[in-house]
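Each chain, letter by letter, is given below.
2 protein chains.
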Amino acid sequence: MQAMKKYLPILSWAPQYNKGMLASDLTAAVIVTIMLIPQSLAYALLAGLPAEVGLYASILPLIAYAVFGTSRTLAVGPVAVVSLMTAAAAGAVATQGTELYLSAAITLAFLSGLMLTLMGILKLGFLANFLSHPVISGFISASGLIIAASQVGQVLGIPMSGHNLLELGRSFIDQISKIHWITVAIGCSALLFLHWVRRDLKAMLIRLGLSTGTADLVAKAGPVFAVIATTVVTWGFDLQQQGVSVVGALPGGLPSLMLPEFDLGLWQQLWVPALLISIVGFVESVSVAQTLAAKRRQRITPNQELIGLGTANLGSTFSGGFPVTGGFSRSVVNFDAGAETPAAGAYTAVGIALVTLFLTPLIMYLPKATLAATIIVAVLSLVDLGALKRTWHYSRSDFYALLATLITTLASGVELGILVGVGLSLALFIYDTSRPHSALVGLVPGTEHFRNIQRFKVVTDPRVAVLRIDESLYFANARFLEDTIYDLVAEAPQLTDLILMCPAVNHIDASALESLEAINARLFDAGVTLHLAEVKGPVMDQLGRSQFPAQLSGRVFLTTFAAWHELTSHSLHQ
Amino acid sequence: MQAMKKYLPILSWAPQYNKGMLASDLTAAVIVTIMLIPQSLAYALLAGLPAEVGLYASILPLIAYAVFGTSRTLAVGPVAVVSLMTAAAAGAVATQGTELYLSAAITLAFLSGLMLTLMGILKLGFLANFLSHPVISGFISASGLIIAASQVGQVLGIPMSGHNLLELGRSFIDQISKIHWITVAIGCSALLFLHWVRRDLKAMLIRLGLSTGTADLVAKAGPVFAVIATTVVTWGFDLQQQGVSVVGALPGGLPSLMLPEFDLGLWQQLWVPALLISIVGFVESVSVAQTLAAKRRQRITPNQELIGLGTANLGSTFSGGFPVTGGFSRSVVNFDAGAETPAAGAYTAVGIALVTLFLTPLIMYLPKATLAATIIVAVLSLVDLGALKRTWHYSRSDFYALLATLITTLASGVELGILVGVGLSLALFIYDTSRPHSALVGLVPGTEHFRNIQRFKVVTDPRVAVLRIDESLYFANARFLEDTIYDLVAEAPQLTDLILMCPAVNHIDASALESLEAINARLFDAGVTLHLAEVKGPVMDQLGRSQFPAQLSGRVFLTTFAAWHELTSHSLHQ
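Heads up: the sequence lines are chains A and B, in that order. Per the UniProt record's numbering, residue 1 is the first one in the first sequence, and the count goes up by one each step. Per the UniProt record's numbering, residue 1 is the first one in the second sequence, and the count goes up by one each step.
Hints were generated in silico from the structure; no laboratory data involved. Any given hint might turn out to be false.
Said to hold, decoys possible - Below are the SDA-like pairs computed for lysine to any residue, each with C-alpha atoms no more than 20 Å apart in a straight line: (1) A:K457 to B:D483; (2) A:K389 to B:Q542; (3) B:K123 to A:E514; (4) B:K123 to B:M4; (5) B:K295 to A:E514; (6) A:K389 to B:M4; (7) B:K123 to A:K123; (8) A:K295 to B:K6; (9) A:K457 to B:M540; (10) B:K123 to A:A518; (11) B:K295 to A:A518; (12) B:K178 to B:V152; (13) B:K389 to A:E514; (14) B:K389 to A:L543; (15) A:K123 to A:L275; (16) A:K123 to B:M4; (17) A:K19 to A:Y7; (18) B:K123 to A:T484; (19) A:K123 to B:I430; (20) A:K123 to B:S434; (21) A:K457 to A:A439; (22) B:K295 to B:D216; (23) A:K123 to B:D487; (24) B:K295 to A:L523; (25) B:K6 to B:L122; (26) B:K178 to B:L122; (27) B:K6 to A:D487; (28) A:K123 to B:V152; (29) B:K295 to B:I430.
Unchecked claim - Taking beta-carbon pairs under 7 Å as the criterion, some of the chain A residues facing chain B (in silico): (30) F130; (31) Q240; (32) G243; (33) H393; (34) S395; (35) H449; (36) R455; (37) F475; (38) P503; (39) N506; (40) E514.
Glycine included, each C-beta is placed from N, C-alpha and C at the ideal position.
Just need the whole structure built from these sequences, with the hints factored in.
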């Protein structure tokens, strides 16, 4: 039962489900449904797919996540960044509007669902840790800018295409003469309205006497007002006849259940982007889920989250949808609206199903410019260029990783951007550890503690040097260690004993072991005895499996102070 | 002048050159020349090239290295592993025996020469550190096995081809029926003789009254006796008419100077293998040079060595040769024979030039089986499968890197082998650091030192926990740290203070900083104060550039003992 609860988190809350929870979850579901309708349509268009695919991707995934997910409040569905990545990946194998393009998007959801589920079963959630914060930050900011730029065309009524800022810019310049002014009027009104909603509406509603919570929810529903208003205007003035691009007639009814195409060639072309979509979607989703869980002192289980998101994507596949994940703004609304269990997600799914069944005719006159405006306003809030300055200030390596991710993503697109970011942040870590900091240290008077002779007033002895190595010793820095020590010994003619202080040495690999053996032999020839101090348990265990302790000319001391005490008093007696 | 000496090491010894040095260098040069003749022919054949190309690659490179190299005794020329890599790379773009194949080999020497020289000027010698000892060991052993297997065909008189053990095995099975028994007789006699020379001759000569040094040099010249004997037999009995494959007529005279082909397409195909050849050649050469230099208390300069080897390869290019580097056995002979300066290398070059001019007719009847036998005996001494056991015993990560390099090289060839080795050893290092060891520590009685409570008898306090983190904190392990601390706090209900002991924390990157901020806030909410102790200077400097020290609920202590003393006495007073 405990094991079943682990893999089916629904079992841990469904048996205690009561009326109070039902009421809370239903309220939250209604609000999220209203918010999700324009979002799901908009993100489907962003992914280059027919608008109804967004609705299809907002039904089964939510139910699957309610059964397998561990967050009580995460709202799953199409999100901006993953939709952009879907467009880039599907666009690389097919032309927008073709059957193959749709098929590629569904296959991406399928592969991504398989990978996530498998990673969850194999407990590979730690892989997400290799996306560092600066890389995520640069990637999300760049994606936000690309998405915003890609929607400018819709707001101006011109066709624009491209998966990076350069392509979009070129396409913009080519098309700029064809701006459609009625569309601009609708798009810019929506933009201004949404901007005002985001900035001022909440404060105004509070001044009008609404509670903070209610004001917040009404403000979050802003896009729905824009959708309704522009749809009514377009319908009333027959603007689609004037050339305003609208969502148009959607096929009524629920999607029919289907299987993805078993096309190995397509799978081979899409597995890398599917993996990137999986990891980015997982990282985005888990960070939202963790933030919200922490607020209510709940915990989520990252490896089970993988299974939750994996089955959600498989659900999307079977209903002809595209990749989904947990969305930030939507989850916050769900949380604020009082959702208590994942059942809220299932009720939202029912809501979207009802909309798909009965309300699609109302959407027909919705201008695409309005959807583009909602996307632009939403994604620009993801852009955080201030992170560049903060990171520059704190750490250059992190700054370079952020900048490289940002620029590569903007200039070349999401896939190369994230690969360059991950590769560079790992390379910088390796590079940093390959040139370790080390310090000659001395005794802090009145303590048994040793610190850098250049930073602290400490006691030293010309015959006994204490060198603190601030890094694990491994192949990339083994030669560096040799050079450091040979230089040190060459400059200290009176030296008889060298103590290597090892509290910061967490590993000694086979290459570093050979270097230590060489150092020991060479110092011995030069009349200098080598000692080790503060070697940590796991490292000492490992050294014990080699010949080194037997060859060592000096001793291994438990503490640097013991070594110092022994060697300095000893040399005084000589 | 000092700067010129740095880039032209010849200036540091040529002005002091005297008669004694001349005599020593000449003696060594004669011995190395005798040894180099069969080697250069054999390694040219191993690289799939005409035998004379081996001689061409043993003239200019030696002179270039004498001018630019820093080792006094390194003997440069064709070597086994680099010849194998040349065969693999040239074989990927052309068929053996074609003009394009030769042109590819010369281009490899040119690109490799350019890269090495450039790396030397840019001081990129540290890149070689990324080849760990286990990777080098696995690579060299596998290369030795592949080379030995590739020569079996010559000894049996059957055509065999392939760049890995699988291809060679398939080719062997296809051809096994065509074994040529006269060739087998010559080849196996040479093998047995060389094996006997290597194992027993030296001891026998010493028993016969020769000095150890002389006995050693005579034994090292073993291949020359085999070459002379089998050449004479082949010539005497006209065995080439019986189908014994011989080196045949070589073009007399010195190679004409030439430029490499400027074919950008070819360069694009060959730059990756050229880079691998450069790095492997550099690593092999530098380790030989350092070993020999250390014996005479001399030093070599790795970055200048890059320039020495780079110009040697450019020299090889201009005389129509293939990639060269410093060879192990040859350099040892040069050293043992008493070479005192790089001039010995220049005299060897003159010796090989004289051979090329006047003695090539004598080589005509040399059976290829004899050359194959000399290669087999030489390379099998490189194979060190015992390293597998030693490394397994010492470190699993190193063992896996060694094993993967060995198997990939054997099964797929040199290029993939070395790339997999380097990639895997870096990945294992990252993986190890992503799951850091940490230990709850307590005070060792009678000292100010803290050690693991599970390994030592130490003093602890249920209200104050001291956690030692044995790793730098960075993106790959930031979440791991959070989990460790939250678990710790959840299991210690009495806890009021947590001291993070940071002597092993060498970096804290932006991702880890965010984790620390989250931990600090969350512990504060749970009523636990977070303190840091023994934060090293560079890390504290960095933290000082963030908001973290201001947010920290507790304090930063210089020593763990100070923190412990303050907090435990404080909690006693409550």
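query = Within 20 Å, alpha carbon to alpha carbon, are K123 of chain B and A518 of chain A?
reply = violated, 24 Å
query = Regarding the pair K6 of chain B and L122 of chain B, is the alpha-carbon distance no greater than 20 Å?
reply = holds, 14 Å
inquiry  = Would the hint linking K123 of chain B and T484 of chain A be met if the CA-CA limit is 20 Å?
reply    = holds, 17 Å
ask   = Should the hint that G243 of chain A touches chain B count as held when the rule is a Cβ pair under 7 Å?
value = Given a least distance of 49 Å, the restraint on G243 of chain A is violated.
task = Starting from K178 of chain B, check that the Cα of L122 of chain B is at most 20 Å away, please.
result = violated, 53 Å
query = Can the restraint linking K295 of chain B and I430 of chain B be considered satisfied, given a maximum Cα separation of 20 Å?
reply = violated, 36 Å
query = Would the stated hint for P503 of chain A survive a check requiring a Cβ distance to chain B of less than 7 Å?
reply = holds, 4 Å
ask   = Taken at face value, is the distance from the CA of L275 of chain A to the CA of K123 of chain A at most 20 Å?
value = holds, 16 Å
message = Using the nearest Cβ pair, does H449 of chain A come within less than 7 Å of chain B?
response = holds, 4 Å
ask   = Can the hint on R455 of chain A be confirmed by a CB-to-CB distance to chain B that is less than 7 Å?
value = holds, 5 Å
query = Does E514 of chain A lie within 20 Å of K389 of chain B when you go C-alpha to C-alpha?
reply = Distance ~16 Å between K389 of chain B and E514 of chain A Cα, so the pair holds.
inquiry  = Please verify whether K123 of chain A and M4 of chain B have alpha carbons no more than 20 Å apart.
reply    = The hint is violated at about 59 Å.
Hint violations for this structure: numbers 1, 3, 6, 7, 8, 10, 16, 17, 26, 28, 29, 31 and 32, all remaining hints satisfied.
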